[in-house]
Amino acid sequence: MKASLGPLLYCWPKEKVMEFYKSVADSSIPLVYLGETICSRRRELKFSDYMELANMLRESGKEVVISTLALLEAPSEYTELKKQVDNGEFIIEANDMGAVQAAKEKGLPFVCGPTVNNYNLASLKKLHSWGMQRFVMPVELSKNWLNTVISVEKPGFEVEVLGHGYLPLALSARCFTARHQGLAKDKCQTICISNPKGLLAQTQESQPLLRLNGIQTQSAACIDLSPEIGEMAKMGVDYFRVSPSGMQCIEIADQLFEADRTGHIATTEDHCNGYWYQEAGFNRVG
Amino acid sequence: MELLCPAGNLASLKTALNAGADAVYLGLKDDTNARSFAGLNFTPKKLQEAVQFTKKQGKKIFLTINTFPKPGEEKRWYEAVDIAANTGIDALIVADLSLLDYAHSRYPHLSLHLSVQASATNLGALQLYKEEFNIERAVLPRVLSMKQVRDLAKVTPVDLEVFAFGSLCIMAEGRCHLSSYVTGQSPNTGGSCSPAKHVRWQEEGADRLTRLNEVLIDKSGIDEQMGYPVVCKGRYITEGDTAPSHLLESPTSLNTLSLLPELAKANVVSLKIEGRQRSPAYVEQVTKVWRNAIDTYLRDPQNYQTQAEWDRALSKVSEGQTTTLGAYERTWQ
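In order, the protein sequences belong to chains V and A. The opening residue of the first sequence carries number 1 in the working numbering; numbering runs sequentially from there. The opening residue of the second sequence carries number 1 in the working numbering; numbering runs sequentially from there.
FYI, nobody ran anything at the bench for these hints, they're computed from the structure. Glycine is no exception: its CB is placed at the ideal position from the N, C-alpha and C atoms. One should not assume that every hint holds.
Stated by the list, open to error - Straight-line distance between alpha carbons at most 27 Å, and here's what the computed DSS-like set of lysine-lysine pairs gives: (1) V/Lys143 / A/Lys197; (2) A/Lys130 / V/Lys82; (3) V/Lys82 / A/Lys147; (4) V/Lys154 / A/Lys70; (5) V/Lys46 / A/Lys147; (6) V/Lys143 / A/Lys75; (7) V/Lys83 / A/Lys147; (8) A/Lys75 / V/Lys125.
What the hints assert, rightly or not - With the C-beta cut set under 7 Å, the calculated list includes, among others, these residues of chain V facing chain A: (9) Leu71; (10) Leu72; (11) Glu73; (12) Ser123; (13) Ala173; (14) Lys185; (15) Gln204; (16) Glu205.
Unchecked claim - Sample of chain V residues lacking proximity to chain A, with all beta carbon distances greater than 10 Å (derived): (17) Gly107; (18) Pro155; (19) Glu269.
Only chain V is shown next, with the shape it has when bound in the complex:
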């Protein structure tokens, strides 16, 4: 089992994104997902910028996957998606069935991202027959679920589990960040850029609950499955995904597979692992 770095889910200024991926290039992370998956209004980086980054990372020895939008609504978004699929060099992470279709039509292999509904082996096999090489387990599923699915026979596709970072929980047409700032979605000024880790929402009892990231809702707590790595490897998980939350996530991904490391990866934050144990996602077991 190896580490992977999920797509950056936040809107950061271009220079910061460039700096971030320069550090990624110097890291030991073998697999990197790259691209805007949340909102087509975020235009800090253009398609050509992502391709440039992808090439730079490949030259550093990384396997690169181009991640695509999770909620495809406007015809223009679907056109853009087809352009990404047609990039000619890198495979895509399909985060919507529309992206699966776009890859399938072209006879191109793809990775199924965590926002494509995959809840049983028969569905996974269907996707595999259409070209799915790897799938990222939907975040609400558990160790038991995965065991049942992959223990019967060694699947013909690879398995990736989101192991560290804030959980992607929901997608809406509404932009919660713009709304919170009193801005219309169509005139949002890409305001998400002011929340590099999303906007934290707490209950009226000061319990951190959610994280608003444009049209996406994330968990307030950071999932941390690093103590499970040994067991995951035994089960046959191929990649442990770290979802970028800041520069420090590169160090976290780098340390995951250090031989003498045990327990939780260093984090001062509120963390959770409930889904892995088939409990409420925000629970912390153990």
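Knowing the structure of chain V, use the given hints to seat chain A on it.
For chain A alone, kept in the frame of chain V given last:
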């Protein structure tokens, strides 16, 4: 344009058909559908009765099997498809790939509608389900603007159904984990959003505290009108703020009466009323208003106007007694 109404039980089904529904949709009494609440839904025997009653009236009946089969327990979902096929159901409403595959290969003549839980919002997704499983219709998630519905309707390879009225899901359906994050159960895995066993109300002075699995999702005045407690309609505080607010959405219902002409012009084939979990009285009230509205439109499309009494009647049965056009209206987004 079809008026498609919810039937949580036989009483609601009869009420809906008598009040003017063209078609009804319902689920079996287990977790094969996303409204798996105690006291709701149909045993296979009741389903048979429901089919007979509906057919006698010359109307249509659709069975909802829109949750995702659990590994090792798939049989229950396949059996639900078998039951539907052998009972004379007019169409199955399905979300899961493996179930679509099963239904399409075993019962090629059984009409398939793609459930909203499959979250198909774009041409590519619709093409995939059409090419692979020959779906006849897709139910669109409540995340598209009216313009996007119109654009999609021009190119879609399948018929389109939209939500016209009822509880407003503001997230792309089938891909929302808010309920499972807090309770461990989601519509996809457990058959319901925000399961009642996790809901607790608590009175504290003049306040009512609403808890979901002990998490305080709202604090309201005792007399305030509240909707069913779900994570997306709670009041929270962001970093930097002091006052709580409905950061995602306030308790409100979707009401598209004013969009009826546009939906008709876009060739949307079916208007869905949400609410299998609601009472026969709700079903009757909502069905009557929508029957009236559709008939009024069809009689004289040019001069259609929403009547104030329709809106009033619908507001009474709406969450928080308020309604919205939701994502259909760009400014809502």
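Evaluated hints:
no., hint, in the structure
1, V/Lys143 / A/Lys197, "25 Å, holds"
2, A/Lys130 / V/Lys82, "19 Å, holds"
3, V/Lys82 / A/Lys147, "21 Å, holds"
4, V/Lys154 / A/Lys70, "19 Å, holds"
5, V/Lys46 / A/Lys147, "26 Å, holds"
6, V/Lys143 / A/Lys75, "21 Å, holds"
7, V/Lys83 / A/Lys147, "23 Å, holds"
8, A/Lys75 / V/Lys125, "17 Å, holds"
9, Leu71, "6 Å, holds"
10, Leu72, "4 Å, holds"
11, Glu73, "5 Å, holds"
12, Ser123, "4 Å, holds"
13, Ala173, "4 Å, holds"
14, Lys185, "5 Å, holds"
15, Gln204, "5 Å, holds"
16, Glu205, "5 Å, holds"
17, Gly107, "14 Å, holds"
18, Pro155, "12 Å, holds"
19, Glu269, "14 Å, holds"
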